[in-house]
Amino acid sequence: MSKILIGRYVPGNSLVYKMDPRGKLLVTILFIFIIFLANNWVTYAIITIFSFLAVAATKLKAKVFWDGVKPLIWLILFTSVLQLFFTTGGQIYWNWIIFTISSYGITNAIYIFIRFTLIILISTVMTVTTMPLEIADAMEWILTPLKYVKVPIDKIALVMSIALRFVPTLFDETLKIMNAQRSRGADFNNGGLIKRAKAITPLLVPLFINSLETAVDLSTAMESRGYRDGANRTRYRILKWSKYDLYELAYFIILVLLLLVFRTK
Amino acid sequence: MSIKFEKVSYTYFPGSPLEKKGLDNVSFKIKEGQFIAIIGHTGSGKSTLMQHFNALLKPSKGRIEIAGQTILPTTSNKNLKELRKHVSLVFQFPEAQLFENTVLDDIAFGPKNFGYSEQKAKEKAWTWLTRVGLPKSVANRSPFDLSGGQMRQVAIAGVMAYEPDILCLDEPAAGLDPRARKQMMGLFSKYQQEGHTVILVTHNMDDVANYANDVLVMESGKLIKHARPAEVFKDRPWLKEHYLEEPKASLFASKLTNFTFSNTPLTIKELVKGIENNLKE
Amino acid sequence: MAKDSIIKIRNVSFTYPDTTSPAINNISFDIKRGSWTSIIGHNGSGKSTIIRLINGLLVPDNKNSPYIEVDGTELTDKTVWNIRDKVGIVFQNPDNQFVGATVADDVAFGLENRGVPRSKMLKIVPEAIKAVGMDDYTNAEPSNLSGGQKQRVAIAGILAIQPKIIILDEATSMLDPSGRSKILQIVHQMKKKDNLTVVSITHDIDEANLADQIIVMNNGGLVDQGNTKEIFSKVKLLKSLGLDVPFASQVKEKLLQSGISIPKEINSEKELINYLCQSNSKK
Chain Y
19 MSKILIGRYV
29 PGNSLVYKMD
39 PRGKLLVTIL
49 FIFIIFLANN
59 WVTYAIITIF
69 SFLAVAATKL
79 KAKVFWDGVK
89 PLIWLILFTS
99 VLQLFFTTGG
109 QIYWNWIIFT
119 ISSYGITNAI
129 YIFIRFTLII
139 LISTVMTVTT
149 MPLEIADAME
159 WILTPLKYVK
169 VPIDKIALVM
179 SIALRFVPTL
189 FDETLKIMNA
199 QRSRGADFNN
209 GGLIKRAKAI
219 TPLLVPLFIN
229 SLETAVDLST
239 AMESRGYRDG
249 ANRTRYRILK
259 WSKYDLYELA
269 YFIILVLLLL
279 VFRTK
Chain W
1016 MSIKFEKVSY
1026 TYFPGSPLEK
1036 KGLDNVSFKI
1046 KEGQFIAIIG
1056 HTGSGKSTLM
1066 QHFNALLKPS
1076 KGRIEIAGQT
1086 ILPTTSNKNL
1096 KELRKHVSLV
1106 FQFPEAQLFE
1116 NTVLDDIAFG
1126 PKNFGYSEQK
1136 AKEKAWTWLT
1146 RVGLPKSVAN
1156 RSPFDLSGGQ
1166 MRQVAIAGVM
1176 AYEPDILCLD
1186 EPAAGLDPRA
1196 RKQMMGLFSK
1206 YQQEGHTVIL
1216 VTHNMDDVAN
1226 YANDVLVMES
1236 GKLIKHARPA
1246 EVFKDRPWLK
1256 EHYLEEPKAS
1266 LFASKLTNFT
1276 FSNTPLTIKE
1286 LVKGIENNLK
1296 E
Chain G
-19 MAKDSIIKIR
-9 NVSFTYPDTT
1 SPAINNISFD
11 IKRGSWTSII
21 GHNGSGKSTI
31 IRLINGLLVP
41 DNKNSPYIEV
51 DGTELTDKTV
61 WNIRDKVGIV
71 FQNPDNQFVG
81 ATVADDVAFG
91 LENRGVPRSK
101 MLKIVPEAIK
111 AVGMDDYTNA
121 EPSNLSGGQK
131 QRVAIAGILA
141 IQPKIIILDE
151 ATSMLDPSGR
161 SKILQIVHQM
171 KKKDNLTVVS
181 ITHDIDEANL
191 ADQIIVMNNG
201 GLVDQGNTKE
211 IFSKVKLLKS
221 LGLDVPFASQ
231 VKEKLLQSGI
241 SIPKEINSEK
251 ELINYLCQSN
261 SKK
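Chains as they are written, first to last, in the numbering used here: chain Y, 19 to 283; chain W, 1016 to 1296; chain G, -19 to 263.
If we strip away everything but chain Y, and leave its shape as in the complex, we get:
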């Protein structure tokens, strides 16, 4: 009976929520490429401003985004520090065996830090404002061209949709089984690695069996409801573009143009 939110979706109704998930997914993916257009302070400043404006447009608390960055902060810092000590170029400030701090090193370290952080921020903007099912629908749309090389996109989409629908249900079932086994004296929290690995069997086996049963029941129900291989299925749930997606497109195009104009050739 948990109303747990899967992924990091936070309910809301600001501008970003009104955008089509396909646009958001595409922009997020393209962002990862266009960020490499930035190669000087001006362009980095531009892309940082645009990113922060996108974050602000979600009207969500900063904590939500910090929660997205936090798990990766050490990786980001580590990579930046590597850049700092191992890039040479420009004025050398300090040197010791293989470690060098140079002006290029400092600049690159800062650039990498910014790149990493902005990518995470923009991905978070997407995952936090788009429900998992919408993301799945968006992915299906993006992969549609694969239909022409005989990849069964429709079936994959249905499988993804059903899998997502069952995540909360399976989660509840896991809690139930844990409670049942705890009541029989099972201990999931204590003991060394080996003990805990053994303790997982009373949880995994029932879950697995339960999932199998669910799969069998589901396929029986689906067949009874007329689901057949190769049929031309229509779609009830569809995605529709709106004016908000035009705003998003315009925003993105302006960003790319500015980057192209102000980058160092």
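To be clear, the hints were calculated from the coordinates, so they are not data collected in a lab. You can take every hint at face value.
Derived SDA-like pairs: lysine to any residue, alpha-carbon spacing no greater than 20 Å straight-line:
| # | chain 1 | residue 1 | chain 2 | residue 2 |
| --- | --- | --- | --- | --- |
| 1 | Y | Lys216 | W | Ser1132 |
| 2 | G | Lys209 | G | Lys234 |
| 3 | W | Lys1240 | W | Ile1079 |
| 4 | W | Lys1127 | Y | Ala217 |
| 5 | G | Lys100 | Y | Ile256 |
| 6 | W | Lys1197 | G | Lys234 |
Given the structure is predicted, the values throughout are model-derived calculations rather than measurements.
Starting from the known structure of chain Y, arrange chains W and G on it as the hints suggest.
Frame of chain Y; chains W and G shown alone:
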């Protein structure tokens, strides 16, 4: 020994937008060795209450004394085995908890966790395999090869094999056919008569009438009545007001408008006796 | 044989793979159009197997020339999908038949499968959801619904296809009493409105008592068939099969045992109560 709940409250997800009161200032005292029924419509807090018996949930406020142990909001999760050895919980459709390679191993899982030696655990498993009514031939078969009803029996054997002082069950006979149902309830009734405490969480008022000698009525997380079955079922308007069903016997009796019953009949025996008395006057 | 039978089963047997004895052994029966038939029997008596034979999920064993007909059409490889248009089944586990991500998505599933144009779906889906009283939950996710609510959605999904027959395969056994009665109420309403035929497999004696026809199964064989009053008066037979008998029949039986005379024709609860009240005022 008794089971004592003192001003127990429980809040789900405190401080979050999903915050909800599961139990609201529940206090009661039950003598052990009874057959107790917990009733209330869905969402009344029955299963929240049940999970407090063996500290799967700990009270947000208040104090619980059960099986010689005390459970407080601050009770740690570390040493609960002793408690759970004496207070056993069985959830709905318990066959979902089966996992071992053989029936016997699965029944022995509980006892082994609670400190029984490998040999003693096997002995207990054999004893209870037969006591729940399973044939000896299933002992070394995979529990997943059995029918649904038999799997249920294996699960029940598994929680009774370590002979807990207090056995708490949530609709243990749900989905069983009438014969299997009767056998299962008979098993619990016998267990209680042997001196153990049986707590039954149920919607089936006939089971309450036929087996229980004490009833806790829950509504919206509060304990709204604690009385013997006769007391609870006597007040028909009260039952209706709280969306509670009544035993078939008392419902039938209420339709016999020109009959007088000295006590509201709760079981078919009492009903028939009452009808006889009226007709033979 | 019955005049207008919407389902005809002749000489059907079925053995599950890897088992030796048949789950269904040479059964024949009819289901009358517009009736509410309850199939009762112990777990493993073959009740659910019959259902799966009716809509072609299972194929009968190849002996005794089995024949299955639904609404005038013989069930074959070619007609199985048409038959699934006419028969809607609500299964026992509310979660394991809920395919869609939301209520509306799930109700639309059957329509999507049949290539119904979206414009039509936009009309049918809300109507079906309304018919089962779930309009406030149109966009709700299944994990936020109770068992009873999920079963109502299952019924809506079936209604959307407009079948002639609705089968409840222990559809209420995992629900609490209020969920159970709500489902039966809705099915009863639908039956009246659309003149549906209802087949319900159940353990619940009160649910079985709502039917007008009863089929009694035991160990894969059909033991008895007839109208409800008739079957439930056979207390000894039902008890010997390990089955429940309606409360009123039990009361009658016990009263007879203690020497109180009750005429044979008195079988339903209403009749028994009337008779007892009359006897009480006469004395």
